[in-house]
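S.K.: So the chains spell out like this:
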Amino acid sequence: MATKVVMEALSPTMEEGRLVKWLKHEGDAVDAGDVLAEVETDKAVMELPARGDGLLRKVLVPEGATVPVGQLVAVIAAKDEDISALVRDGAGAPAPAKAPAAGPASQAPAATTPRASPAPQPPPDATPGRVKASPLARRIARERGVDLAVVRGSGPGGRIIKRDLEGAAAVSAVPAPSATVAAFQDVPLTQIRKTIARRLVESLGPIPHFFLTVEIDMERAWDAREALNHLGEEPRISFNDIIVKVVAQALRQHRECNAWWQGDFIRYFGDVHLGMAVAVDQGLITPVIRYADQKSLRQIALETGDLSRRARERKLTPEEYTGSTFSVSNLGMLGIHEFTAVINPPEAGIVAVGGITQQPVVEDGAVTVRRRMRITMSCDHRVIDGATGARFLQTVKRMLENPLAMVW
Amino acid sequence: MPLITYRDALNQALREEMERDPDVFLMGEEVGVYQGAYKVSRGLLEAFGERRVLDTPIAELGFAGIGVGAAMVGLRPVIEFMTWNFALLAIDEVINSAAKMLYMSGGQMPIPIVFRGPGGAALQLGAQHSQAFESYYAHVPGLKVVAPATPHDAKGLLKTAIRDDNPVVFLEGEMLYNTKGEVPEGEYTIPLGQADVKREGGDVTIICHSKTVAPALKAADQLAEQLQISAEVVDLRSIRPLDVETILASVRKTNRCVIVEEGWPFCGVGAQVVHEIQHAAFDDLDAPIERLTGADVPMPYNKHLERAAKPGPEQVVAAVKRVTYLD
Chain Y
1 MATKVVMEAL SPTMEEGRLV KWLKHEGDAV DAGDVLAEVE TDKAVMELPA
51 RGDGLLRKVL VPEGATVPVG QLVAVIAAKD EDISALVRDG AGAPAPAKAP
101 AAGPASQAPA ATTPRASPAP QPPPDATPGR VKASPLARRI ARERGVDLAV
151 VRGSGPGGRI IKRDLEGAAA VSAVPAPSAT VAAFQDVPLT QIRKTIARRL
201 VESLGPIPHF FLTVEIDMER AWDAREALNH LGEEPRISFN DIIVKVVAQA
251 LRQHRECNAW WQGDFIRYFG DVHLGMAVAV DQGLITPVIR YADQKSLRQI
301 ALETGDLSRR ARERKLTPEE YTGSTFSVSN LGMLGIHEFT AVINPPEAGI
351 VAVGGITQQP VVEDGAVTVR RRMRITMSCD HRVIDGATGA RFLQTVKRML
401 ENPLAMVW
Chain W
1 MPLITYRDAL NQALREEMER DPDVFLMGEE VGVYQGAYKV SRGLLEAFGE
51 RRVLDTPIAE LGFAGIGVGA AMVGLRPVIE FMTWNFALLA IDEVINSAAK
101 MLYMSGGQMP IPIVFRGPGG AALQLGAQHS QAFESYYAHV PGLKVVAPAT
151 PHDAKGLLKT AIRDDNPVVF LEGEMLYNTK GEVPEGEYTI PLGQADVKRE
201 GGDVTIICHS KTVAPALKAA DQLAEQLQIS AEVVDLRSIR PLDVETILAS
251 VRKTNRCVIV EEGWPFCGVG AQVVHEIQHA AFDDLDAPIE RLTGADVPMP
301 YNKHLERAAK PGPEQVVAAV KRVTYLD
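Taken in sequence, the protein lines are chains Y and W. If you're matching positions, the first sequence starts at 1 in the numbering used here and goes up one per residue. If you're matching positions, the second sequence starts at 1 in the numbering used here and goes up one per residue.
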């Protein structure tokens, strides 16, 4: 029985993929699960697995070509099996999945905006509003709190079956598979909040940003980092690690900032999954530090190191760059003094971190030189009001200026 | 443990039950002097005499009726049909008399009778002599229907059937009579309504009975060797009562199910099993249940067509690949 190899949706937002390299060639024997090719998605280079056994009889797409999700790219079959009909169909009319895949692309140019951590979206080949899943898959999803809308089905017609949730299960054993399992509380919108939302959107565009900047004295944080790194233990702590830790901890105290705008309600999260913008060759990506509010500085340093490295190598899995509840962007190391960052929807805020520089500061009537840093918070006014954001920044400032407050 | 044939296992069961209870007697065509068309009753006439081993004329309706009458007055007849194809002539006694008498007499008249003989196709016996009747009889309230696959089960189930106070339709297999299996020497019985897991596995449940057990086990071997699929083979043994518990336990473990039977597809035994599973284990299913049956045609006489009309190991393997999404 021949197995069609189609371009699979290897990330939640993938609509097309570029065939980077065939790892198997025509005539090679393949087993189900073997990696056939490397495919570049909108986020990373992923592996395209074989879904059946046999010989790789026909390769229909050359290396370097970009094809929509669902299109036939190769055929696996027995040695003497007649595959001419399959090959003809594949080469002629585009695969059925192509049309629906193209629709959303024109409406949501996700790949072209600097949106690093997209909200979970249904896979492109799903029928809108109706998720096809086996009864068992539905039960497993219910038990584990997995939203089937973000799971890609590998069964006939995109049916989600048990094996499609095995990955999700494995991830949920380690902290949090995706944002959908994070603890949260949905709060209905009050009338005043609805009005604020409507009016601000009307006046300011899709997300009504406003910006709050605070200058922070970094002398004590500097000393604390020096002291920690002087211990000589790995990993070395960066200022970015300290900021991630502080922001996450502050969000725990200011849950009103740790939220998603959901159109007709606001989702407040109990835990903090902090997105961290990382520059990569062709843009940026926001890997997520799960439960950042509950992790030690050392753990955070280990994770940021690993995630940044793999982000640059484009080896992140979709679970690793989706589902953040708030984000941090740091351009301090590139000599930027102060900047504003664009919110990563549906999150309600992002903190842009500038570099630490020595500045003349007036203290007790005298000018002294201090290490100072400016951070700017971009807020979605539909969720966060000025004073709300300011109070959160006060907490961040207090912690950085008095690092012991982190453990207080 | 002695290795004996299916026919000898049945013979042992008859002999032991006739020794145990003087009310048990055997009646049918050629069961006495000729010792049975398939030699199941070998030596019984000699051992128990003409009063308890009775040769009848070729008149199925007549001797089935005599059997029901004997049961009404307290005897425990075993009626042998040379094959179940001929028993179509007697189906009025089986259904209208045997199955309903307890109910219609307000519980006064149990009918402890066993109707037995080979069912299903053998080899090139043509359309009229190659049919599986499980679903016909299992349809009827008041009848129990048993179809053992192995010598061990044949003996243990026939003994229980003879002791049961209800009419039991006991379906053997012409192609099974010569098969050998281990049968314990001592006394044992097997309760009706208890399926048997013939092979344990974790990936897929194959439900079968009677002659489809062998191809199911063969398919399970192939699946393990070639595809590393571990199949659990559940032999129903008794069609009615049906051991729903064992079926469900297996499907809850494997999440996938293939049902194989010899009979025709429409309203077959497998259709009932599918219903039980979807009703009680809906949330445990990861794939639609597959059914394999005999082809939906009168059995062809042509050797090749006949082979194509019966479900074999290859079809079982193919169905398992479908429910495990390997196809």
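A portion of the hints provided could be inaccurate.
In silico DSS-like links for lysine-lysine, alpha-carbon gap of 25 Å or less [unchecked claim]: (1) W:K218 - Y:K132; (2) W:K218 - W:K100; (3) Y:K79 - W:K321.
A short list of chain W residues far from chain Y (calculated; beta carbon distances all over 10 Å) [claimed, not checked]: (4) P57; (5) G126; (6) L248; (7) R291; (8) D296.
Source of the hints: derived by calculation from the structure; they are not laboratory data. Glycine included, every Cβ here is placed at the ideal spot set by N, Cα and C.
S.K.: With a cut-off of 25 Å on the C-alpha distance, tell me whether K79 (chain Y) and K321 (chain W) pass.
M.R.: holds, 19 Å
S.K.: Should the label of G126 (chain W) as a non-interface residue stand, given a Cβ cut-off of 10 Å to chain Y?
M.R.: holds, 34 Å
S.K.: Quickly compare the C-alpha distance for K218 (chain W) and K100 (chain W) to 25 Å and report which way the hint goes.
M.R.: violated, 40 Å
S.K.: A cut-off of 10 Å on Cβ-Cβ distance, and L248 (chain W) was said to be off the interface with chain Y. Does that hold?
M.R.: holds, 14 Å
S.K.: Confirm or reject the statement that P57 (chain W) sits farther than 10 Å, beta carbon to beta carbon, from all of chain Y.
M.R.: holds, 55 Å
S.K.: According to the definition I'm using, a residue is off the interface if its beta carbon is farther than 10 Å from all beta carbons of the partner; does D296 (chain W) meet that for chain Y?
M.R.: Holds, because the least Cβ-Cβ distance between D296 (chain W) and chain Y comes to about 23 Å, which exceeds 10 Å.
S.K.: Mind checking the alpha carbons of K218 (chain W) and K132 (chain Y) for me, to see if they're no more than 25 Å apart?
M.R.: violated, 34 Å
S.K.: Are all beta-carbon distances from R291 (chain W) to chain Y longer than 10 Å?
M.R.: Its Cβ never comes within 10 Å of chain Y, the nearest being 18 Å, so this holds.
Checked against the numbered hints listed earlier, the structure breaks hints 1, 2; every other hint is satisfied.
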